[in-house]
Amino acid sequence: GNSVTQMEGPVTLSEEAFLTINCTYTATGYPSLFWYVQYPGEGLQLLLKATKADDKGSNKGFEATYRKETTSFHLEKGSVQVSDSAVYFCALSGDNQGGKLIFGQGTELSVKP
Amino acid sequence: DTAVSQTPKYLVTQMGNDKSIKCEQNLGHDTMYWYKQDSKKFLKIMFSYNNKELIINETVPNRFSPKSPDKAHLNLHINSLELGDSAVYFCASSQDGSLGQGSRNTIYFGEGSWLTVV
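Chains as they are written, first to last, in this note's numbering: chain A, 4 to 116; chain B, -5 to 112.
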């Protein structure tokens, strides 16, 4: 079945450091890929998405490229801020899945001043 | 205006009680969902409805009963609450249930309902 694997957290970085959170997936067909962010005590917000191979999603300085050849969708940001501290979830939704999102286990990011 | 709103945000209740969480979306979407986030923050779909019709039921105990009176509402009723039901429950919606390749759909989540069973 379809699945998503994220790098283990927590990840601790200093402000202005470069961020990479790895995400790989297993899926039949051609899924859409998503990154969601959950700030402490809050709900899930869509950060970015890509719906076909080689698409790049971007938002708020974050980027991720849909790599079909490596089945990956790694999240990157060039310079993190303290306000980026949150849990980040990679997710996929396959064709004919009724909109079902399959999530990775989440990666907690802590950015220190 | 909040796009997907759910109430209550926090709920503390005793084992054995019956409780409901309500969800409403004002986006005009046809498809609504319930997701559960456990204590390790793992998220898993429970149910989805498309235009009031049940589409996905992910082997959830039958103590959980979703009800969709119209396509803008999807409520979650839980009977005989158990300690293991303590979690955050997220309601969500999308235009329809097609999210695969090339889809312009996005799933929007509510703020979550923190349920604690004591």
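Quick caveat, the hints were computed from the structure, so don't treat them as lab data.
Accuracy of the hints is not assured; some may be wrong.
[Claimed, not checked] With the Cβ distance kept under 10 Å, some of the chain B side facing chain A (calculated, not the full set): (1) K16; (2) Y27; (3) S88.
For each residue, glycine too, the CB sits at the ideal point set by N, CA and C.
Structure-based check of all given hints:
Given the 10 Å rule on beta carbons, the hint for K16 (chain B) is violated: about 15 Å separates it from the nearest Cβ of chain A. With a cut of 10 Å, the hint placing Y27 (chain B) at the interface with chain A holds, because the nearest CB-to-CB distance is about 7 Å. Hint status for S88 (chain B) relative to chain A: holds, with the closest Cβ pair at about 5 Å, below 10 Å.
Going through the hint list in order, the structure does not satisfy hint 1, though it satisfies all others.
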